[in-house]
Structures are given as structure tokens and as C-alpha cells.
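Trainee: Those sequence lines, one after another, are chains S and C.
First residue of the first sequence? That's 198 in my numbering, and the numbers climb one at a time after it.
First residue of the second sequence? That's 53 in my numbering, and the numbers climb one at a time after it.
You may find that some hints are simply not true.
To be verified - In silico SDA-like cross-links for lysine to any residue, where the CA-CA straight-line distance does not exceed 20 Å:
hint, chain 1, residue 1, chain 2, residue 2
1, S, Lys1076, S, Val452
2, S, Lys1076, C, Pro390
3, C, Lys80, S, Phe866
4, S, Lys930, S, Gly989
5, C, Lys591, S, Ser982
The set of hints was computed from the structure by calculation and includes no laboratory data.
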Amino acid sequence: MRIAFGIRNLIFCQLMIFCLVLIPMITKSQTSGQGNEDSLSTSAHAESFKASLQQTNNQRLDDSSGQQIRVRLDGISKTPLISLQQYLKGNASGVFVKEENGEPGSEQFMFIRGLSAPLFTKQDVYGLQPVVYLNGTPLTQENAYSYYIQRYDFNKLGSGTNLLAALDINNIGSIEVLKTPADIATLGPLATNGAIWITTKVAQPSAKPVINFDSYVGILSTPKIRTVNAAYENDFRKRYYDAYATPEQMAAYPVYVANQYDKNYYGPSNWNAIYFRSKPVYYVGFGINGGHDRASYRFNISDTKDQNFDNTQLDRYAVTFGMNMLPLKWLTISSNINAARTDRDRNKSLRDRFAETRFVPDLANPLSPNREAYQVYLDKYRTAIDDNKNNAITGDFSATANFRNLQLKTQLSIDYEESLRDVFWGSDLMDGNSFISTYYGLAQRTSVKNTIRYTIPLVNNRHQIRLEAGQSYLADFFKYDYIYGYNTPNDFIKIKSVLVNGSAYSNNDNIFAYPFSDNLKARLLSYYGRIGYSFKNIFNIDAVGRYDGYSSFSPTDRWLLTPVVAARLNIRELLPENGLFSTLALRGSWGTFGKLIQDSRFKLGPQYRVDLGYSDEPVIGGSGGYSGISQPYTFGWINRYYNWPFSEKLNIGIDLGWLNDRITLTADFYNNKDKNMIVPTPVASENGFSYKWVQGMAVQNTGLNLGVTADILQHAGGLSWQFFTNFNWNKNKLLKLPYDLNEIEYGDMKLEIGKSTDSYWVFENQGMIHTASDIPAGRTNTDGSVSPMTFGGTIPFSVGDPLWTDVNDDGVIDKSDKVLKGHFMPVYTGGIGSTFSFRNFNLDFMFYYALGQQLLNQLTSTKLDFINGENSRDISSVKEITFWQQTFDYNAYPLYNPWSGVIPYRADQDLFLEDAGFLKLRYATLGYDLASLDYFKKKRIPKMLVYVTGTNLFTITKFSGGDPEQVNYRGAYTGYTLPLVTSYSLGVKINF
Amino acid sequence: MYSLSKYFFNKVVLLLFLVSSMAVSCTKQLDIESTEAASSINMWQSYDDAKSALAGLYGLARAALANNNAHWLYGDLRMADFATPRSGSYIEAIIRNRLNEDLPGMEDLKDWRRFYAAIDACNTFIEKSGGCLQDTRYSALYHKVDVAQAHVLRAFLYLYISRIWGDVPLVTSATTEGLNTNLTRTPQRQVLDFCINDVKFYLDSLPTEYGGTDQSKLKFSGPYYGKTWAQIGNFYWGYWQGMTVLAQIYAWMGDYERLEPVARKIWDNLAQARTQLVGYQNATNYLTGNNSIFYGNGVIGSYCYQLLSLSYNMDNKESGPSGVGHMESLTLANPYVPRQKPDIYVPRDTIDRLFYSITDLRHPYQSAASSYQSVYFTNYYASIPILSKFKTFAPAANGFSIYGSCIPLARAEDICLLLAECYLYNGTVGNAQGFLENIRLQRFTNGFANNLRPLGSGGPVYIPTERSRENGLLWNIFRERRIELMGEGYAWYDLIRYKKYLANDYEFNKLVEQGGIYWPVSQRVLDNNPLIEQNSYWKR
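Extracted from the complex, chain S is given alone in its bound form (with noise of 0.2 Å):
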């Protein structure tokens, strides 16, 4: 009740604000609009009317920001590119972009500026991402709570469609990456992992309405690989059972295997005949545009399909329109629709089919090779449903009041994003039983900001005083549906049918269905204050403090005061007019931020939840017909207060321009602490908890930023081009952990002290053990013998098995022998591209690059490691169709025993570590421009340009086994996703 009252409140304050500034805007204009209206819009009015639109839509400290904030996209819009994410990869100074799966619309993951914290679970990374402002307007993150619910973390529950693939590049004017302490901090702790500032296109004033068509298709390029069948298998695991096996083993060689008359396992391999179907991409746009001098609208309506192998696509339906008025000279209002419908069709992999179905069946035969088989598989979808949909829906609505120097503006956003997924699978692929879900989410973000700033000239405006506060209140609400069943009563009806006897009704004994609903709530509240000065235009200082509170830390440290200050010196004001640089201007920015958490558990304290699941089970609820609680054994002991993680951030910057500023150099060193974290400390396991989540970690990452652009060829109609190149280098640090530990275990995860949060954490290989004479020696006995080697204490090494590096030398090799070592985090990643233009012909290309980082070749390992796999039920085993390709050469690897105990072929060892640095083609298209031909001249028509563009093309690496891109978020390489696939296209840019 008393929330209802306080949103009550809200709405009518907002009201009120409305009406202050709608009551005197409607009674001037009828007065003044009259004598204007036909005035159309070439004039100086609509320039001013751009440039205030511009101006109002600025965020940031714009005194003190670099000049290359800004992404290039030109190149980027004619490639068919679908998510925001991949707009950026490789094109944005100081963001990393994570691209798992070329499946169309899955999950990406963009990081700004290293990684802030580790990622102990998938649902930090999350925790982690930046946050997206559309025309001011937070959109709403993905929050990770229902990963609680699932058995395996591969997918998000639900659709899992990428929200951010929602935004049609055509519609977008402008992106901006914000990192520096100066860029986030009016935005606050939203902002602290970085914020990427969208603007879509704004609405011109023209004298007659401009239309404008987009167009692409493309097709995919098929990948070569090398398809193999059971022969190959058997070549490669006959070694292994010839050198090491025992009678018995040798008598539970598989029969796919083994049975060489089996044509489904010895016949043709051609599975990639049908898995590899091409089909084409495409995109249609269309969009109109006009307006006078006081008012403008633009309205744009596109198709997406974007498309896979194994049959996956993504159809996005997008609709966005846009408004700006400017009903008297000092007030202008602006309002933005943007809606989205996405319809996702997903791959048909075993391993996702299990996790959703909560069940690994009897994994003894994979799928065979055959091409024939192999559709017959594909044929028991017939009766499948996978339905997977978004819709997104984003609007704001803002007043601008300007008068001399006192700018008011208020903006109300919301932002709805619901996803909704339905599956059936019937008994043809569930063992004779059926599977059925329905998953209904939404995340939903309401923000209401109100600023106020006045700027006080002194001096002819000499010295310039900058006053401005601000407030903005932000809602956050999470929720979904989910329910999961078997047994539906056939394959065509698939609701619960009921039993007539007699006169008496009851349930019929099918569909066994499990229930799941949960929600999820967060609210930010945050108050600035600012002040700025600057001396002519050498020298701007300006510093801000702010006040924020979060509901998700305990009451009564959910508070926070933060301070940042930035300065800019340009120094080129000081120096003599032609001299050597046209643009010289230094720049520092120091603040802290608040950091958000996405779980809203901690506020509580010490609880009491549900948790009476196990590993295979997790989300057993009841007990004896009622839910049971207890406290949070599982997830951890929570202590009694939580405040705020915060993240101190330093930036120093240069930005250089020679030759009229046709070279440009901006340069940024950072340096941002992230401290105060939770972070899971390992705990005596007799108190029955797991762990106990603690406050005190920070990490730091120090890096640089490095932006240049030449336009090193410059002829009006003749050949120009413009080189431009991002150089980006970050260095993780752990700093500190609470109760000063030195290091921390968490799963097969290691922290510690002075070491990168990115690192891997493996055994050292130094060989084999071919004889027995190679065994190390292990620890000395009590009468004076020395024992072998031992694995864990109690496993003797024998022959066959691998060398490890004793690391402590005590003669035993166990986890603390493992170092950490790598990064699955690039070191170093950027961007090189160019454009070229002659006369109507232009040509852009660009390179993306990732330097430093390794990844652990699991598909090889668990190749490797059949023995094993053969013997789980572990999903990670599963043998999907794509199986039947060789990626890597068994005779690169050193002969193992695979039936040791000390399972020689284990994942977490520098033996699958390996170089996954890259250099990628990303894209290059080649255009020409129609319109400048006689005959569309004569049809007054602007712009026709016509371009063919292939996007990623090639890849340079020395990993062998595939695209070393694809590695998950902790760097594992499974071999499971589609790839980032070639393709090329032909599109058209047509405005009249």
C-alpha cells in the first residue's frame, strides 16, 4: 500500500512538471506558430532546431570528453549485421565483444574496459554488462535469476534472443562508447561498467518529405570440413586400446565402433549435406522523413531475416518512430517509439535439447554420419514446436525548456522487453514419452530523470560558470512464467485431459508438470549536483557529486556519495595560431561509482529460502506435500549488512590533430578499481553451508585506449582515403580479497592475489611416462624407501601416464600443483580499416583483431578422454552431429593411458591450452553511387548507392581447430555453436 502510494506520488509530481512546461507552450503557440508555417525548413531556424535537438541529447561532461567517442558506422550499415553487439566488435575503442555463436539472435556479451570482477558463474557475466541508453532511454539488462532454477547453464531460460538485436542499425544516427569517469557521471552507477549511447537518427526538417529504402540479401558460404565416420574413430581409439587395454576393456569396445558392417557408422559421412543448407539473408527497410522548422517526425518500418546452418534464423520486425517539436522558441519536445518483434528459430543439438529437458538419456550410440540417417532424425521434428519471441517495446517522451541560460529538461522512458518461448518434442525424440514448456518473461525498465542547469557568463563570457542538479528515479521489474512437463496424452493433444466416469470427472493421469514463477524487483534513486568552469575556451574544469540509493543493499546502507571531477586543458589555445598540431588538448577525469548488483538476496541479511535440491535436481521445493525453507546451505551463508561495491576510476587523455585536424590521435590511460565486491569465501563444511559471500574483493584493470584516423588521401572527386584504427590494451589485476586471503577456490576456479581474474588453472605438462624408469619419484617413506609418484596421495603413476609438474615438489601431485596461467580475456584488441572513394565508387574494409588471450581446447580433450565420456551421463559428452568432422589431429598428442586414474586426458591442463589470438577480415564492401547518373539526376533522386559486401572473410590464427572466437565465457572451446560464417551480399541505399 504504501508503495502504491509512493508511485501514486510520482506520477502525479511528474504530472505537474508536464504541465508547467505543456500549460505555457500551448497558449504561446497559438500565437506565435501562425506566421511561421509555411516557412519550410531550409532555413536557419531548422539548423538551430538541429543543433538544440543535438545539444538536449548530450549526457556527459561535454567539456571534457575525447573527440572519438563516437563508433564508425558507415562500413558496419552495409553489413548485414544484426545485433548491437556486433556493430561494436572490433569497432569501438576499449569494448570487447564476446560473439560465441553465429547462431542468429543468441546471447553476446560486450565488455568495457576489462573484466571487473571474475566471472564465477554465467550469471556474472551479466552482472557485468554495460548498460544501453537509446535516445536516453536505459534499456532494460538481462537479469540472470533464473539461472537458479536451471540444470545447466548453456542457455538462458526462455527465448534467449539477444535483446539488443532488436536495433536495425538504419535507424541508428549515432553510437557512442562512454568509459571515462567524466562520460558516466551524470549517468552514475548504472554506467559504471561503461554505457553505450545510442541516438537514433534525428528527424530532419525538409521541405518535402525524404523517403528512404534499404535493402541487402546475402547468402552464407558453406565451411570445408573434413567429415569422418566410425573408421576414423576407430583408427584413432584402436592406438589407445591396442597399447593399454585389458582383456575386459577390450571387450566393451563400442559396437557403433567396433561393428564395421554397420552402414549407418561405416557409410558415407555427408551429414554436412543437410546441416549445412545455405539459405539467404535478407533485409528490407523503409523509412520517411520531413517536417518544418518547428516540428519534424521520421518513421522507419524494416524486415530482418538473418540466417544459419542447421536451420536456425531470426526474423525481426522493427517499427520506429520519432518526433521532435519545438512549439515555442524556448521548448522543445521530443518522443520516441521504438517496438520490435523478434521470431527466433534455434538450432536442434542434442546437448540444448537435454538441458531444457532436464534428462541425458543413454548417450552409448550418437547420431550416425549418414546423410539418409541423419534426415531421418531430423525428421522426428515434424512434431516438434520451438517457438521463440520477442517484443520489445521502447518509448520516451522529453521537454527541453531553454531560456537564456537556464535549461530544464525532464524525461519519462520505459522500456519492455518480454520473451516468450513454447516447446514441445514428441515421443519420437523423447524415448516414447513427450516434453512440453512455456516460458513467459518480461524485464521492464521505467526511468524518469529531471535536470536543471543554468550557466552564468562573467567577463563577456570570458569566464563561464556551469550550475546544473539532477535527479532521475529508475524501476527495475523481472518476471517470469515458466512451467515444464512430460508426458502429454499424444503428439497432437497436449493439454491435461480429464477422465469421464459416469457423472464423475477427474484428472487423467498424464502430464507431469513442473511449476516454476518468480519476480524480481530493483529501484535506483539518484541525486547530482554539478559545477563547472571555464576560462575562454583553454580550460574547463567540473566536478560532480551524487548521491545514490539502490533497494538491493541493506536498508540502511543503501546510500552512497560519490565525487568525480574532470578537467581539459587545450593547450593548442596557448600556442602560436599554424603551428605543428591543429588540435592539442589534454584531459583527466577521476571519480567513483557506485557498483549495481543484479541479485536482490543480500539485502535480506541471513535468510530463510527454498533449498532442498540436489545437483541433478535443483529445484526440488517441497517436502512431505509442503515447501520446505531453510537457510541458503547451498548457495552460501549471507551475512547481515551488504553496501555498496564501488569502482574508483582514473582516466588521462590526449587528443592530438595535425594538418587541419586530417590526423587524428586520441590516446587513454585508465586505471579503475573496482572494490568492496562480494565474492564467495570458502567456509569449515561442517557449518552446512557452501560458502559465505563477503564483501571485500577489488580488481583492478589498467589499460589504454588508442584511436587514430587519417584521411591520408583527400581529392574532391577523386581518389580519397580515409585510414582508421583502434589499438586497445588492458591488464587485469586481483588486488584484494576480504579477511586478507591470499587466494580463493570457487569450482574449478582459483583467485589469487597479484594474478589476472582471467586465468586458467591447470596442470603443467612435461611429457610422458614410457617406462617405468620415467616415474618421478613421490614422497620418502618412514623407513627410509621412496614411494612413486602419487596422484592425489593415493594414485601411483604409472606407465602411460602424463608428466606433471610437482610445482611444490612434495612428491604429489594434486590441485595445488596447478597454476594459473593465460587469459581467456584478450590482451590486446582493436581495429584496423579504411575507406576509399573514387569518384562515385567507394570501398570500406576492416580488421578485428584479438591478441594475447588462450583458450582450453575442450572438444579435444573430451575427444581425447572417450573412455570417460563413454562411461557418463555428463552432458558436456554429448555427441552432436557435428561430431563426425576431424578438428584436430590425434597424432599431435601424446599416447595416454585413458583408462588411469588419473584421467590423463583432463581438461585443466596447459596440454589444451592454446594461442586463440586472431585477425579477422571482418567485412569489406565496394559501392557506387547511382544517383550521379544522367538519369536519376533528372529524377532528383540524391542518393542510389548500390554495394556488394562480404563479412567475415577470412581469419588468421594458429589455433587449427576452428574459430577460436567460439570459445564460451570462461574461455572453454567446446566445438558446440554454429559458426560466424561467411557471407556475401548485395544491397541498396536508395533516398528520393
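Model the placement of chain C on the given structure of chain S, informed by the hints.
Mentor: Okay, now just chain C, sitting in the frame of chain S:
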């Protein structure tokens, strides 16, 4: 124009006022009630808190035993009758007592954290549930009964982990803010003595049944937490469950003197405990059917055949599609579920060695049908026979691995055979034979010393044969346990008791002396608490 600006500035003042007033109201917006968890400050205040927390105790205990099928992997595999077709797997390692191996799946079994989670929940319940008395719906009698249950359950959990790890830390107070850091192993004897005293002390606070007509002095009759006896069965542990826990503690200690009166009292009061032996009339259905005594809470008619168990309420969807937590997930394969091979099976020669009567209702050969039937075993003549004793599919599972069988901990047959042991131990052989024959009579097998006439004087006679008497009485008592209680998680503890009773197996005695009968403790446990030492046998 100027007038407008003045007008406007006035409004600005008003607006700032409004903004600040809004700010005040917004601060309250940060108070969000959590829907999925209750703060400990708000816990222990009502009848429902007690109800949910009590259900939580049994749920956590069940999770500890169900996780990775621990109950059976601990109890049924080591050096016992099961074999596995999965060579090189951790199941094979356990069967061969190679518990030091680091195979996937093993680490979880060496970790006692889940048991301590359940123990801590019991400790917390004992200390905190008094707060619920402020709710008038939660009576003092309810509280007394509930606390007694927490004591008995905790004693059982300590017995369980003592059987697995030997000396274990005895924690009897709830975890507090700082978390305990100075816990060391307590000698097993001390732990078990503590449990015995605890159970004895709280036995009289327990009703003989829940939701029905209590026969104890408590007179705790009528619905319990809104449920009747038929719905509850022995889900909540009462007086007779407490007695059974006591009997099992004595049995594990090999203390036949103290075991005998306890087991005898249970045996003499089976009717009050509302349980009985499974009679020959129902042996096939009750022991092996889809709705066997293992299904759900084990209530059939007016009897609950699960004297002691941790069960799954199938109406409440307490069982999931992985099948883990039920014996079926280890033993079933084609033709019951689409799997080529089960994880464990009883080899044919072991079956042949164990069974001694072709007329046995549990025998793969069913004399009534004059053929091999799918009763206790299926596919007897295949290389891998399936133990099909447990095949309790959920109502809609239809060949799918959602099972309804409980984690069986004791039933009347167990008590009966324990009594036979006791009488043999104290020399009253006739009684011992009698209790063995009690079971044999109901299974249509040849008697040990007596001619058995289960159907009365007119029916068939099952006379003692060479095979039904082979190896003597003790061996036959234990053989009967191996057959009757097959797959119920007894085999390993029975083997230890048998070997200790005989004390003539040098190798095994060495294993017992050196602590090789216990499991090694997981590395994680050792890392998290430096005061815990590895079991000496596995330290080598």
C-alpha cells in the same frame, strides 16, 4: 518577453519544490519486499514458519542422501552383490573399494557438507522454533513434537555419517553469524552415545503416528499440519521411527544386548507402528510393483510399510526427470527405460548363489507362471540381468525416468532379521531360527529348520533343503537380508556387521582396524577446515 521569464522563474521555484517533495516520497520506493526469501528476522514467528522449516529438515536430509544417489553408492556397492557394466567408472571404483580415485562423481560422495546442512537445520530448528509459539495456532504440544523430531533426525544423520566417515565433528548448536571455525573430529563412540541419549530422551515426546490416533501418552491425535495419517504415512518420524533409529545405532555398534530389547519392542508393536511384514499374498506387487511399498509414502491400505524412510510426495512433484535420488536411476534399463545398460546389476551367478528355492516369490523363475518373469529381476538370461525390484514410475512418467520410490531406511523385515541375529548372538537359536522363518514363510521358500506351511495345513510344505541350510544359520540370516533388502542400501553395513560377528576374516579385520571401511574425506572439506584430518587408511 520579460514578463514571461518572470512568470517562468516563479514556476521554477515551484518546480524545485515539487522535485524535492518527490524525492522524499521516492526514498520509500527503495523498500521492496522480497517475494522469494524471508529474512531471518521475520522467521520463526508463526505456525507456517514451523511447518515449512520442519518440512525443510526432511527435505535437506533427503537431499543429502539423494545427491548423486549417495545412499545406494555408500550402502549397496562396496564389496557387495552388485556389478557394473561401466568399466573404469567411479561406480566400479566404489565396488572395488578403490575410494581414493579421483574420478568424476566421486568428489561429491566424499563431501559431508550436505549432511551438515541438514544437521545445522535441525540445530537451528531446535534452538529457534520456540519463537513460533507466539502464534497461537502453534501449540506447545506441536512444538514439543517437532523439536523431538529434529533431535531424532539429527541422531539419524550422525549415525549415517558415522557409518561413512567414522569419527565426525559433533556439532550440536546452530551456525551463527561468525560460522564455526574450530570443529574437529569427535570419536565415533562419543557421537553415537550422544545420539543414543538424545533419542532416548526425546522418544516420549513423539506420537506413535501423525494425523491419526496417537497411542502414546501425548494423545497427539487428529490432523497434523492439516494432513491425515494416510497422507503422511511415516514421512514425519514418530515414536516408532525413533525406536528404529535407536535400533540401527545399536546394530551399527554391534551391541546386540542393547539392540535386542529395542528391536523386540518394535516387533511386538508393529500394529501400533502401523506396519507389518509384506505377506506372501502381496509379495510380488508390494515388493516389485509400480505401486510398491517403496512408492511415495509407502501407505497401502491401513499400513505404512516404510518403517523408516525419506520419501517423495509425488502429488507435490518432489521427484524430477534426472531420476537421481531413486534406486531406479541406477538399476533400470531396457525394457523399462530406453537405456542399453543399467549402471549396476546383480550378475547371474550371484543370483544363483543367493537364491536357494525355486519357489521363492522373489526368484527370477516364477513357479506360479512356470517361467522366468519380470518380477525381482528382468532379463535373467541376458548377460546383464536388470534388478527390476524398483520400478515405481511417476503416474505420467511412461517409461521416462521420473520415479517415485523412497530412500528406504528400514522396514519390518529388517527388524525381524535383526532380532534373529540378536537371538543367535545370545544363544537362543530356536528364536533366531523362528525369526528367520518368519520371512521365509512369507516368501514361499524352504525353511531353515522347520517345515513351512504358509497356506496352512492343506497347502504346500517348504521343507529345509541342503541349499536352504548351507553355511549355517548366521550366514542364512545375512543371506536373507541380501535377498530381501537388496537395493535398499543395507549391503555394506550388513557385511561389516557379519564380518565383525565372525571376526575370522583377516583381510577384512585389517580393513576395519585401519579405517578402510570408511570413506576418505573430500579435499574440499580438508581445505576448508585445517583441523580435519584425512582418514588414516586413505592417507597412505
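Trainee: Hints first: check each against the structure and report whether it holds.
Mentor: Outcome of the hint check:
1. Taking the CA atoms of Lys1076 of chain S and Val452 of chain S, the gap is near 15 Å; set against the 20 Å cutoff, the hint holds.
2. Taking the CA atoms of Lys1076 of chain S and Pro390 of chain C, the gap is near 17 Å; set against the 20 Å cutoff, the hint holds.
3. Of the supplied pair hints, the one linking Lys80 of chain C and Phe866 of chain S is violated, its CA atoms being roughly 40 Å apart against a limit of 20 Å.
4. Restraint check: the Cα-Cα separation between Lys930 of chain S and Gly989 of chain S comes to about 30 Å, which exceeds 20 Å; the hinted pair is violated.
5. For the hint pairing Lys591 of chain C with Ser982 of chain S, the CA-to-CA distance comes to about 17 Å; that is within 20 Å, so the pair holds.
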